[in-house]
Structures are given as C-alpha cells and as structure tokens.
Amino acid sequence: MNNKIKRILPQLLTILFVIFVFGFFTINAQVNMDNRGIDFGFGFLSQEASFDMQFTLLDYDGQDSYLWAYVVALLNTLLVSFLGIIFCTILGVIIGVARLSQNFLIKNSAAWYVEFFRNIPLLLQIFFWYYAALRALPLPENAQPWFGVTYMTIKGYYIPSMIWENLNVFMSCLIAAIVAIIFIRIYARKIQEREGKQLPVLYISLALITILPLFSFLIGGVTLDFEMPVLKQLAQTSFIFEGGIALPPELIALVLALSLYTSTFVAECVRAGIQGISKGQKEAAASVGLTPNQILKLVIMPQALRIIIPPTTNQYLNLTKNSSLAAAIAYPDLVLVFAGTALMQTGKAIEIVGITMLTYLSISLAIAALMNWYNKRIEIKEK
Amino acid sequence: MFKHLKQLTSLFAMIAVLFAFTTEAMAKKSKTLKNTQKKGFVRCGVSQGLPGFSNADASGNWTGIDVDVCRAVAAAVLGDANKVKFTPLSAKERFTALTSGEIDVLARNTTWTLSRDADIGLTFVGVNFYDGQGFMVRKSSGITSVDQFKNGISACTNIGTTTELNMRDFFNSRGISYEPVAFEKADEVVAAYDAGRCDTYTTDKSGLAAQRTKMKNPDEHIVLPETISKEPLGPVVRQGDAVWEDIVRWSLNTMIEAEEYGITSANADSMKTSDNPQIKRLVGAEGEMGAAFGLDNEWNLRIIKQVGNYGESYKRNIADTGILPDRGPNQLWTKGGILYVPPAR
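Quick mapping for you: the protein sequence lines, in order, are chains W and C. First residue of the first sequence: 14, per the numbering used here; consecutive thereafter. First residue of the second sequence: 84, per the numbering used here; consecutive thereafter.
Hints in this document: simulated from the structure, not taken from any laboratory. We put the beta carbon where it would ideally sit given N, CA and C, even for glycine. It is possible that some hints are incorrect.
Only pairs whose alpha carbons sit at most 30 Å apart, straight line, appear in this in silico DSBU-like list of lysine-lysine [claimed, not checked]:
| id | chain 1 | residue 1 | chain 2 | residue 2 |
| --- | --- | --- | --- | --- |
| 1 | W | 210 | W | 295 |
| 2 | C | 222 | W | 245 |
| 3 | C | 313 | C | 268 |
| 4 | C | 268 | W | 334 |
| 5 | W | 334 | C | 175 |
| 6 | W | 245 | C | 299 |
| 7 | C | 122 | C | 175 |
Pairwise CB distance ranges, derived in the manner of DEER restraints [as the list claims (entries may be wrong)]:
| id | chain 1 | residue 1 | chain 2 | residue 2 | range |
| --- | --- | --- | --- | --- | --- |
| 8 | W | 76 | C | 170 | 34 to 42 Å |
| 9 | W | 70 | C | 198 | 26 to 34 Å |
| 10 | W | 42 | C | 198 | 17 to 25 Å |
| 11 | W | 42 | C | 375 | 30 to 38 Å |
| 12 | W | 70 | C | 421 | 56 to 64 Å |
So here's chain C without its partners, still in its complex pose:
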C-alpha cells in the first residue's frame, strides 16, 4: 500500500511540474525577440532552392532576396547578418512550421492573400517582390500566347500554392478543360515538365525564370507574356507578437528606404554626417529609432552595412544572375516602379 502511495505522489508531482511549465509559457507573450537573442540566431524558413530568392550553394551558403530579409533581421537584432539558421521548407510545410514555432520568420516567396493573413494565424509584414503568375512552354510548340491553349492541355505545378487556385480560375473562365499535375516539390515539377509530361509549367513568373536556369536546355523554353494574377511575395511572421512583427517589417522597409536615399553598404558610415535628417535617422545618427523595438540605435545602420539596400540585394541575387535583369514593378516609386514604403521616422 505504502509503495503505491509513493508512486501516486511522484505522479502528482510530475503533473504539477508540467502544469507549472505551461502556465509559465503562457504568461510571457511577445517573447520571440528574447528567445532569438538567447539562442543567438534567427530561425528563418526558406524555399528548398529557388535561384534568386533562396538557394544554397554547394557549401551550404544561402543567397537570395528572401534570404537577405532574414539576414537583415539578424543584423538588426543580433548584430551579425550571418547568425541565421535556415530551414528549407516545401510549400506545404511552410505555414505549419511557422505557426508551430519551428521558425520565427518565413521568407519563402509567399503570396500575401486575405485568407492566409486572416485565417491561418499568420501576419504578412510587407512585400519584397511584386510578382504574377505566368506560363512556360516549349519554344518548339509554337505557342506564343495563352490564347493558343486548347482543351486537354496538361499543366505541371506545385501543390499548396495560390498557383493551383489561379490556374483553375484562369482555365475555367476561358472554358478550357485541362489536366492539373501537382507535385509537392519544385524540383519534381521541373523534372516532370522537362521530361515532357506536361505541355506547360505554371507558377510565379520569377519562379519560372529561376527554374528555367535549372533545365537541361533553358533556351528551349519561353515564358509567355501574359500574367494571370497578382502575387505580392513577402515575409511572414506568427500572429500575436507585435514587436517581432514590427522588427521584421522595418528591417525590410529599411532596405527599401535606404535605396531611395542612396545609402549603400559602402557609404553607410559616411552618411552619418549627412545634412539630411531622414538619412541620418536611417543610419542611426538621429532620433531613437530602435528603442520602440527594444533594440539599440544602430540596428538599421547594421542592416545597410552588412546586407546592403534593396537595390544592391536585387542586383546581386536577381539581376546579375540573369534571372530577371529588368526590375519591372520592383523598382522604386521614384523611378517608375511600385516600391513605396512608409517613412522611418
């Protein structure tokens, strides 16, 4: 009898300890920043390999404009743009990884939509690439416009993306019957399309341009001129941590605004003595721009110095790699594009 009583007490003790942990976890909200600083790295979800956006080289170094958003956050909160742990995620896994707390920032060419923003427990913090869905076909097919698509066409794409839904809207509105072939990973889509399984490959146009570089003979394929949807791609955070949300949003905004004011990684330090107060605020020489986030005053200077402004990031990752040399809508509003961010003041 006494023996069992002892077991019972230890069981109750265990219960008490477990409940203590849960209540403690519940008490502290907005703890992402604290956790990140304690761990010493930013946990960032990226794609499984999309040149220009997030792609790892042979030695495991990640590059791309999505990667740069995470590096900017790391530079801001940890002081070192390299302190990022990248987690490659499929389209299907990405939101669960974020909501379950496996990662803290999702920068994975993700389209901002109402249902994702409102339903799933996510918050989109901005747009780092304005994109639209398009179609790729083999040059030899002679197709030069989506108007030439006929009944029975087969289209390869990824599952779990807005692409799958847009494709249906597009073909239905035109009354074309089609065969959707949806894979889990982008590499599998490319392999199947390249093998001739599908007549067309559809995804975001930037994705098409990037994946084309992976094909056996990139020159044999063309991206059709039509754009069938709006795809504003941007970084995402978990709902419920307003401070962290602001840090990620303004890390991105800093990069874009730095380009607007001509601040680059090379001249950022010398800009501290600029006459323009807006520039001085962007390099931490005026105002208390970091206090609201619980950061020091030079968080934005570090972003510009270590990662560069948006223009530098775009040139390094997307233009110079030959993916999309023309910036199109992803040009500053002052230069005919639609990149326009609220002022940092």
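Just chain W, same shape as in the assembly:
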C-alpha cells in the first residue's frame, strides 16, 4: 500500500503541477486581456485580409480571407524549406564525399568550404546574399541572357514559362513509364535471384522515361510552347521583364543562404557516415569480386545511411525553422505575412503566434516522422 502511494504520488504531483502552470498562465492572460479590452477568438480568420503578397504559389488577392493568406504564406514557407532541403542534400553529399577524397586540392577546398559557411551566422549570410549579391546584379535593361533565354536581374530571375496543350496525355505517358520501370525492377530482381543474371535496369529505365513521353508529342497531340520574358519599359530608367516566370530575388537569396549553410552540416553527417564503416567491409566486398560502384551502392551506402539519416533529419528540421529568417529580407513566408502583417492588422497576438508555433511544430514533426519511417526501412532487420 505504502509502496503504491510512493509510486503514484510523484506522478500525481507532476500532473497537478502541469495543470496548475497551464491554468495559471491561461487565467492570467485572460484577466489581463479582459482588463485591456482585448477579445480572444479566431473569428478574424474569415475576415478580408486586404493586403497583397509579393509572391504566391496559389491565387491570392487582398480580398481573400486571413485564413487563405495563412495557407498561401505557409506554402511559401514549405517551398523554401523544400528547395533548401533538396539543394543542401545534393551539395552536402558532394562536399561530404569530397572531404574523403585522396586528392589534396579537393579534400582541402571541401574542408575550407565547411569551416567557412558553418561558422558565419545564418542571418548574416542571408543579408550578404540579399544585399551584397543583389547590388552586384544588373538592372533589367542591362541584363545579359543566361543560357540564351533566362535573365538574372536585381528584380528577380526571369525564366520562360511552359504552355502545354493536352498536358494530361503527357502526364499519363509519364506515369505509365514510371509504373513500367517499377515492374521491370521487380522482374529484374526476380531474374537475379533465380538465375543470377543482371539486367541493365538503369538503361532500360532511362529509355522508357524518355521514349514514352516523346511518343505523346508525336502521336498524342501534345504540344509545348515557351513564353519568353520580354523587356518592358515602365519609365525612362525603369524596366521590367514581362511574361515567363519571375523568381523573386528574396526567394533566391534565402534558398541560397539556407542550402549553403545547412549543406556544411549535412556534409559532416555524410563524412561521418562513410568513415563509420570499417575498412574491412570494403575489402571483403572487393574480394568477392564486386565492382567499386557495386561496393558503394550495395555495401557501403546501406550501412552508412543508417549513421547519416538521424543527424541529417535534425539538419532538415533546423533548415525549416531557420526559413523563418525570411522575414528579414521581405520573402513573404509564414512569419512575415501571418505573424507579421496579419498580426499587426488584427492585433490578435496570442491567437496568431499560437497558430504559427503550432504550424512550425507540425511541419517539424511531419519531417521527423517521414525521416523516421525511412530510417526504419533501412535499419538492420534482425531476425
């Protein structure tokens, strides 16, 4: 009996304490808001936002509600995080592998890269890419085309946009190609298990994914046109490109800074992962006659990934949270638009900051869940 109480009482006290702390802050906030005549509520979400956004993925207009402004701003945050994660992974893997190179020059430049970019505060890097790099870019009227059709200017990066006809036919061909590739891979594995023969899966896949969509152009009636950005004069010395797609410099600077910064950490994760595999593994694989490519793909990477993924997940989460620094350079992300403009116009500080915090929490948990799932898939299956 006495033992049972001893076991339960601390837990009970902890729960009571947590409830008390929450209750205290809630009541305190309520009393203070009452005193100052501030209402609590989420009714504002359906009101007209009445401000515009510079860059949106979905249609947004000031007449839309605050809720829609929230969704659109959230998508902007997700876009930056997504692009950042892709680029920092590619760059991180390259730099991480380069740090293990036998070549003195490659090895040391990679090491310098890592030391340089990870030891400068991120906000400074964002400011550098935005203000310093921005000033160095030409005005639209002086811009020289890159790759013939794209223009990098101080007002943004202008690229041609695609105008599709019968896009759905093209998409179905693409999907058909992907499904076919999956089946061929399964079939190839079966053949290998049964007869020990290896099919050139990579070449077959490449052929499928180019030929099938190509057919859609030839016989499916699919056409693709490009709309080129064209210089337009607004005033004597003020020009802009019209048509095509404009990527705002804020987005470019932010993605650049986030991926350069985070790639250094990813690179270190990759290096640690590869170095964590004992030399014997590689030598054993070589002695059974695997090619260097096969050694990397079938022996080293599956083991290294298990070491690489958990710390890399942390870096992805950091990148996503760091994307909130967008507010410093006018990229319309969740913090700038929702926790900034919307908060200011409505004055609903507690509600909006609460929603914003919950949103970042959800994004982080979702990324963590995805990476945990992937980690589970590749970890050693003990039988």
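Let chain W serve as the given structure and place chain C on it in line with the hints.
Same frame as chain W, but now just chain C:
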C-alpha cells in the same frame, strides 16, 4: 508519506502566493501614473530611427517631435523631461509592446484609425503630425506623377502599417498590377529601394522626406506630389487607464496651445504675470489645472519650459533639419493650418 505531505503543503503555499499576487494586481486599476512615479522614468516606445520624429544620435540621445511628446509627459509627471526610457520598436512590435505593458506611451509616427482605436485595446490621445502617404521615385525615371505608374511596377514598403493597405487600395482602384516588397525594418526598405530592387518607395510623406536624407544620393530621388491617404499620426496609450490617457493627451495639447498663446520655453516664467487668464492657466498661475490628474499645478509650466511649445519642437526637429521646412497642415488653425486643440480650462 510524511515527506510527500510536506511537498504538497509547500506546493499549495506556492499556489496561494501566486493567486494573491494576481488578485492584488487586478484590484488596482489606473496604476500607470503610480508605477511611473515609483520607477522614476516614463517608458516610451519610439521608432528604430526616423529623423525628425524619433532618432538617436551617436551618443544615444533621442530627438524628434514624437520624442518630445514623451519628454513632455516626463516633465509633467516627474518634473524632468530627461527621465524617459526609450524603447525602439518596429512597426510590427509596437502595439504588442504597449498592450503587454512593456511601455506606457507609444509615440512612434502611428496612424490613428478606427480599427486600431477600437479593436486592439489601444486609445489614441491626439494628433501631433498630420501626414499622408506618398511615393518616392528616382529622378532619372522621369516620373513626375502617380498617373505615370504602369503595370508591373514594384513598390518597397514596411509590413504591418496602414501603408501596405493604402497601397493596395490605390493600385487596385487604378487597375494597376504591382509587386509589393514589404520589409520589417525601415532601414531595410531604404537599402532595397536604394539598390534598385523597387521602382518606388511608399510610406508617409514625412517618412519619405526623412528617409531620403539617409540615402546615398538624396538628390537623385523625388517625392511625387500626390497624397493618397490621410495619416493623422499621434501618441497612443493602453486602453483602461483614463487618468494616464488624459495626462498624455493634455501634455500634447499644452504644447500646441502654448504656441497659440505665444508662450515659449524662454518666456514661460515671465508669462505668470500675464493679464490673460488663459495664459496664466497654461503656466500654472491660475486655477487648479493639475489636480484632476493627481499632479501639482505647474505640470504644464514644466512642459513648456523644458520641452518648449509645439512650434519650437517642430522647428528644432523637422524644419531646421531640412526634412519639411514648410509646416503645411501642421500649422496652427489661426495661421491657416489645422492644428486646433480644446482649451485648457
């Protein structure tokens, strides 16, 4: 068992103490004045640097007509115009800082609007600068009027301001598509516009004039003549403390009315013997003008002596610094402007 009981009692004691604090805090309303006098300084929210309105020099001395409102309040309630603690705030932070009690007066070129006055738990106490939103462009662009704006124009501005909303109303009503580029801090807006990121920079005209002085080559930029909105800028206090609200309101009114009656920081003392009872009331020589606020009778005399009247403040901060030498609407009603305050009697 006994040990846990002891823990439990201490927990309950803690709860009781915390609740005691909250109930005590709730019992005393209108305590801003008392707190200010206890602390010995006025907590004042200002901008992060807007020449003429609130700007700190290299040694941290704040000047500007918004700063003078806070100094006037300090002179009235503490007897010393220098007893002010200034908190620089971004447009985004300002109202939260005020409602959460971090500051007691917000004098930060803030536009008085219905929704701000009614919704957010704030009270505007008056207008210390009548302004309107305008546009700045590069001279070399050849633009001389907003009528020349074309589709695709990019406009730099601050977030969390009425500017952002007016801009949308303006461009929408004219059917012009535009790219809004909204920054959190004014310095960032200026840097981006100066670098050529935007074709135009829009905010209150006084702000444009003040920020222009910060640019690389101020002469290369012009402010277009059109004004697209009404922006009455004034000091703000928290809702719910009527006495404090009155103190701030009448500190501002005193400065404006002192100018009307020709009382300056130099002649305020000699005005005590004036024949005009209205003047005598303004320098604390007649009536009981401070009692209603819980202040002594010379609170207004101290404001005039230490800070000066509105005209002196305007000249010192805005005219002599070359920001807006012409007072425009911010002239007394007796001289063709719209500055008109209720009489102090």
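Against the structure, the hints come out as follows:
no., hint, in the structure
1, W:210 x W:295, "holds, 23 Å"
2, C:222 x W:245, "holds, 19 Å"
3, C:313 x C:268, "holds, 22 Å"
4, C:268 x W:334, "holds, 21 Å"
5, W:334 x C:175, "holds, 20 Å"
6, W:245 x C:299, "holds, 27 Å"
7, C:122 x C:175, "holds, 27 Å"
8, W:76 x C:170: 34 to 42 Å, "holds, 36 Å"
9, W:70 x C:198: 26 to 34 Å, "holds, 29 Å"
10, W:42 x C:198: 17 to 25 Å, "holds, 22 Å"
11, W:42 x C:375: 30 to 38 Å, "holds, 33 Å"
12, W:70 x C:421: 56 to 64 Å, "violated, 46 Å"
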